[in-house]
Amino acid sequence: MMRKGWSFWQGYVVLLALAVVVKAESPYRFFDWNVTYGDIFPLGVRQQGILINGQFPGPDIYSVTNDNLIINVQNNLDEPFLLSWNGLQQRRNSYEDGVYGTTCPIPPGKNFTYILQVKDQIGSFFYFPSLAFHKAAGGFGGIRVLSRPRIPVPFPDPAGDFTLLIGDWFKNDHRQLKAMLDGGHKLPFPDGILINGHGPNGASFTVEQDDERQLVFIFLTGKTYRFRISNVGLQNSLNFRIQCHKMKLVEVEGTHTVQTIYESLDVHVGQSYSVLVTMDQAAQDFYIVASTRFTDNILSTTATLHYSNSNKAVSGPIPAGPTDQIDWSLNQARSIRTNLTASGPRPNPQGSYHYGLINITRTIKLVSSAAQVNGKQRYAVNSVSFVPTDTPLKLADYFKIGGVFRVGSIPDNPTGQNMYLDTSVMGADYRAFVEIVFENHENIVQTWHIDGYAFWVVGMNGGVWTPNSREEYNLRDAVSRSTTQVYPKSWTAIYMALDNVGMWNVRSEFWARQYLGQQFYLRVYTPVNSLRDEYLIPKNALLCGKAQGRSTRPL
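Counting from 1, position 35 in the sequence shown corresponds to residue 44 in our numbering; the numbering is continuous, with no gaps.
Quick caveat, the hints were computed from the structure, so don't treat them as lab data. Mixed in with the good hints, there may be bad ones.
Said to hold, decoys possible - In silico DSBU-like pairs for lysine-lysine, Cα to Cα no more than 30 Å straight-line:
| # | residue 1 | residue 2 |
| --- | --- | --- |
| 1 | K321 | K187 |
| 2 | K257 | K321 |
| 3 | K128 | K409 |
| 4 | K128 | K548 |
| 5 | K555 | K187 |
| 6 | K232 | K255 |
| 7 | K195 | K498 |
Given the structure is predicted, the values throughout are model-derived calculations rather than measurements.
Given the sequences, and given the hints that come with them, work out the whole structure.
Here's what the structure looks like:
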């Protein structure tokens, strides 16, 4: 809803800005968010959290394909702030991506209005604060993009739709965590796991059974609910499960999937999944569980699945999940495939785009690493540890400001040289079709995200990738998503059609590693200056660094 007290001129400015991206037939939704600090107690101790409209986590965004989201963010923190939109592709509009390489921070006491369009997208995503180490204090929330009414969905409407934000959590203040990293140190192991901002037994989800179930116990049908699960944590993969209930996977980050049944699901940091769960058990309460994967010390937490006619509280042992089994997780990942006959955001089947028949124009191999630079812990991609500049790269590109970054400052392949610091930007041609190989030589699970895009996860396996590894690729129904895991001492390969001009962040979702340099920007460029390929800079764009004092466009 539009904020009370908005003047005519404020509304007029927003509507003018809308004209850049909104077609006459595209609905738009207004949101007004007040970002503040507030006391939270997720693990039983008082902490300073980041709240949106007094909420932790923040409010869900509900939208429909092609909706325009007008989100006014008032920063009432005492430091600059930005929100980014994990999985929203910002078609032709990387200015609104909300990371420091594209968007100037919102100063304390000021506001900024994001103008986003969920163009040709459906699915489950989330937003989060992208600056400093704010993500460790909250400020995140779920995003739902529903299909348009005339577009068929490959399952009946569920009886209800829940957002579950799971993630690891520290009792330390976000400033303390940032100070540890700035001092060149690694973070300690997290203190717990949260579900929707709550620690053990704190969150509850109420569901109903069909009336008929009261009559004939042998036919356990029950109502079916949708659960949208996102790992918004800082570093750990989590296994998710619901006591005595099976989960039917139906969607992953905007792609309708083959509807496979799982008893538990690995959700790596930064990833989102949608499952259908049928309430086919006796009337009582059940555990919802999230626990860490691939850690020596297993952290877990619980929430409650509450049947509305329950006559019994949760009971029995908390259902156990997998712990350190890499092969189990790898096999599950390979089983997640695109539903080729289902419609996506458009009526044509998802399988109508035959990615496996397109010629690769370029292969990029990205190897992550950890090392000390100048006596401090840093992380890198192809030996380059990213350092930000005072001017967002997208603004420097638009205004043609020299000396901010250099295209090609990160190589396509690992060089083997010692780690070094740079503002790493990789150039790429618009409409190229690229193969990207993520290679992980370490003993941890890595997760990688690419803003502005969804890509096909065509292969993953242990060892070192070679051209012969292509023989293992799934070139028919690989899942399309924006965040993928890379297992220890393993590789993951993706195909990506570079159809979205802009400056796009490629980052580790292991947040301390991202903060200490394990990221870079992919500049997808075309020499054609056309609104068909990229929108103009927003009229209300904040200007900072070397772009300060320049002009966007007249209001």
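Hint-by-hint comparison with the structure:
1. K321 with K187: Violated. K321 to K187 sits at ~44 Å, over the 30 Å cutoff.
2. K257 with K321: holds, 26 Å
3. K128 with K409: It holds: about 28 Å lies between the C-alpha atoms, which stays within 30 Å.
4. K128 with K548: At roughly 20 Å apart (the allowed maximum being 30 Å), K548 and K128 satisfy the hint.
5. K555 with K187: holds, 26 Å
6. K232 with K255: This hinted pair holds, its Cα atoms lying about 13 Å apart.
7. K195 with K498: holds, 21 Å
The structure fails to meet hint 1 from the earlier list, while all remaining hints are met.
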